[in-house]
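Trainee: Note that my numbering has the sequence shown beginning at 17, numbered continuously upward.
These aren't lab readings, by the way, just hints derived from the structure by calculation.
Because the structure is a prediction, the values reported are computed rather than measured.
The beta carbon of each residue, even a glycine, is placed where N, CA and C say it ideally should be.
Any given hint could be a false lead.
Stated by the list, open to error - Pairwise CB distance ranges (calculated):
1) Leu-144 with Lys-184: 30 to 40 angstroms
2) Ser-149 with Glu-26: 49 to 59 angstroms
3) Ser-149 with Gly-102: 34 to 44 angstroms
4) Arg-66 with Ile-104: 12 to 22 angstroms
5) Ile-214 with Glu-49: 37 to 47 angstroms
6) Glu-87 with Leu-113: 12 to 22 angstroms
7) Ala-228 with Asp-182: 33 to 43 angstroms
8) Leu-144 with Gln-55: 31 to 41 angstroms
As the list claims (entries may be wrong) - Straight-line alpha carbon distances no greater than 30 angstroms define the calculated DSSO-like cross-link-like pairs of lysine-lysine that follow:
9) Lys-86 with Lys-62
10) Lys-74 with Lys-86
11) Lys-36 with Lys-124
12) Lys-192 with Lys-62
13) Lys-184 with Lys-154
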Amino acid sequence: MGKEMELLWELQQIEQEEKKLIEVYNVLVKNAELKNLYQIILSEMKEYERLENALKDKREKQMHIEKEIKEIEKKYIENETFLYSGKIRNYKEMEMLSDNLKKLKDVKTEKEEILLRYMEEVYQLENLIKQISNKIRKMQKEYKEIRLKNNEDIDKIKKEIEKLRDRKLALTENIKPELLTIYKKIKLTKTDPVAKVIDFKCSGCNTILSFAKMQEVSQPTLPVYCESCGRLIFAE
């Protein structure tokens, strides 16, 4: 019985180690850091797309203004050429043409100011897009590295769990079924069904055992239970 109790103790140690590994495995599978980084990348990509659309819109507006300025310049040259062509018939016509040239010049100045603003906005957007693009590439690289390490850790934990389960199976084959049944029953209420007797105490609840109980422990023929906590107890 003593040998089987030692095997049962070893089984308990393996199960406790397995439980810890499963907890680590679950944390690795969920990996809050990885999920959080993924969400940040998605958010940055969404911002990148928004800025790209804004840049496209600004460039289109810039091109439209540039076209308008060229048309104004063309009209200005035409009017100016006519003004100095000697074909003007009277002062009133010259005055109207001069006013028209002034208006064209004012409109051109206004359009050029708008163009400069658009050019500045395009420049700023291009820089922002470049920064976000670099940031996304950096985060994607970090994400891949973390995921690779995480997957390696998961595979390692899975192999360790499999080894523990193989050891458990080998142990249970050398323990009587009725003793395993008792072990599992106690385990329903206590995570550690087996306790060692150390210095006349149950290591599970730290209760000093009676003399009669110590005699049972010293020469076990049947499973021995702690008088206080009900755990299976044994002495090495």
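Trainee: Checked against the structure, which of the hints given earlier come out wrong?
Mentor: 1, 3, 4, 8, 9, 11, 12 and 13
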